[in-house]
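Number of protein chains: 2
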Amino acid sequence: MNDHFEAPVEAYEPPYYVAVFTTARTPDQSGYSETAARMEDLVKDVPGFLGMDQAHTPGGLSITVGYFRDADALTEWRSNAEHRAAQKRGQAEWYQSYTLHVAKVERSHGFTRAQAPQSPAAG
Amino acid sequence: MNDHFEAPVEAYEPPYYVAVFTTARTPDQSGYSETAARMEDLVKDVPGFLGMDQAHTPGGLSITVGYFRDADALTEWRSNAEHRAAQKRGQAEWYQSYTLHVAKVERSHGFTRAQAPQSPAAG
Numbered sequence: 006m007n008d009h010f011e012a013p014v015e016a017y018e019p020p021y022y023v024a025v026f027t028t029a030r031t032p033d034q035s036g037y038s039e040t041a042a043r044m045e046d047l048v049k050d051v052p053g054f055l056g057m058d059q060a061h062t063p064g065g066l067s068i069t070v071g072y073f074r075d076a077d078a079l080t081e082w083r084s085n086a087e088h089r090a091a092q093k094r095g096q097a098e099w100y101q102s103y104t105l106h107v108a109k110v111e112r113s114h115g116f117t118r119a120q121a122p123q124s125p126a127a128g
Numbered sequence: 006m007n008d009h010f011e012a013p014v015e016a017y018e019p020p021y022y023v024a025v026f027t028t029a030r031t032p033d034q035s036g037y038s039e040t041a042a043r044m045e046d047l048v049k050d051v052p053g054f055l056g057m058d059q060a061h062t063p064g065g066l067s068i069t070v071g072y073f074r075d076a077d078a079l080t081e082w083r084s085n086a087e088h089r090a091a092q093k094r095g096q097a098e099w100y101q102s103y104t105l106h107v108a109k110v111e112r113s114h115g116f117t118r119a120q121a122p123q124s125p126a127a128g
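Top line first, the protein sequences correspond to chains A and B. Residues 6 to 128, numbered by the working numbering, are exactly what the first sequence covers, in order. Residues 6 to 128, numbered by the working numbering, are exactly what the second sequence covers, in order.
In short, the hints are calculated from the structure, not lab data. Check the hints yourself; a few may be wrong.
Identical copies look the same in the list; a pair holds intra-copy or inter-copy alike.
[Said to hold, decoys possible] Quick list of in silico lysine to aspartate or glutamate cross-link-like pairs, DMTMM-like style, CA-CA up to 25 Å:
hint	residue 1	residue 2
1	Lys109	Asp77
2	Lys93	Glu18
3	Lys49	Asp33
4	Lys109	Glu39
5	Lys109	Glu98
6	Lys109	Asp33
7	Lys109	Asp46
8	Lys93	Glu111
9	Lys93	Glu11
10	Lys109	Asp75
11	Lys49	Glu81
12	Lys93	Glu15
13	Lys49	Asp75
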């Protein structure tokens, strides 16, 4: 065990955008992980991309949250040709259902536990 | 195996609000699941609550997305006394770190695969 925990992307100063992509997957996930990794690489090149958090319940829902500085960044990502091809393949093969919510952040905050909590002094 | 898949909450007509709560948990999760279940029950009583999606990567991040009709619904949930007590306990015990992003949805869409895909006709 180590002291490093995976941490969420930081809470930026609003306004910025979130894209919340929630999916239920089909049983056949052939090629999914390679495409997902490629999309993660691609989105990092979008100017204004701030970061991404992901969680996946085995056998259940997956949620990906992308953070973007402004609407232009989202437009660029949405119109990326390779991204659009991946979306089409997702609808054809990987997703039973999904939702996408694009929203402008009005407030945010973060919490981080102290790295090395001190024990109460003895006696 | 059955034909029922867990599906994301539907994509409502904007505007509405999302609250994206992303957490990294501590090793000690005593009492967490009972409190989480209680919060899920409580939030359903908030007028304007539209639904909630959750995903949890074992050993990794958890993401909960709550959907609310308007800012008043979020204010009511945020000021709920039992919810506030749970937040305090979460900071003290369950969360290594977290972020909360409250955002107004500007566009959304959903996709659902046809329930019974037809096989291509033979020959």
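Outcome of the hint check:
1. Lys109 to Asp77: The answer is both: 12 Å in one copy and 17 Å across copies each meet 25 Å.
2. Lys93 to Glu18: For Lys93 and Glu18, only the inter-copy Cα distance (23 Å) is at most 25 Å; the intra-copy one is 34 Å.
3. Lys49 to Asp33: neither (27 Å within a copy, 34 Å between copies)
4. Lys109 to Glu39: Neither: 30 Å inside a chain and 32 Å across chains, both beyond 25 Å.
5. Lys109 to Glu98: neither (30 Å within a copy, 31 Å between copies)
6. Lys109 to Asp33: Result: close neither inside a copy nor across copies, 34 Å intra and 34 Å inter.
7. Lys109 to Asp46: This pair counts as within: shortest intra-copy Cα distance 24 Å, inter-copy 27 Å.
8. Lys93 to Glu111: between (32 Å within a copy, 23 Å between copies)
9. Lys93 to Glu11: Only across copies: Lys93 and Glu11 sit 21 Å apart there, 31 Å inside one copy, limit 25 Å.
10. Lys109 to Asp75: Both. Shortest intra-copy (9 Å) and inter-copy (14 Å) distances satisfy the 25 Å Cα cut-off.
11. Lys49 to Glu81: within (12 Å within a copy, 37 Å between copies)
12. Lys93 to Glu15: between (31 Å within a copy, 20 Å between copies)
13. Lys49 to Asp75: Answer is within; shortest intra-copy Cα gap is 15 Å, inter-copy 32 Å.
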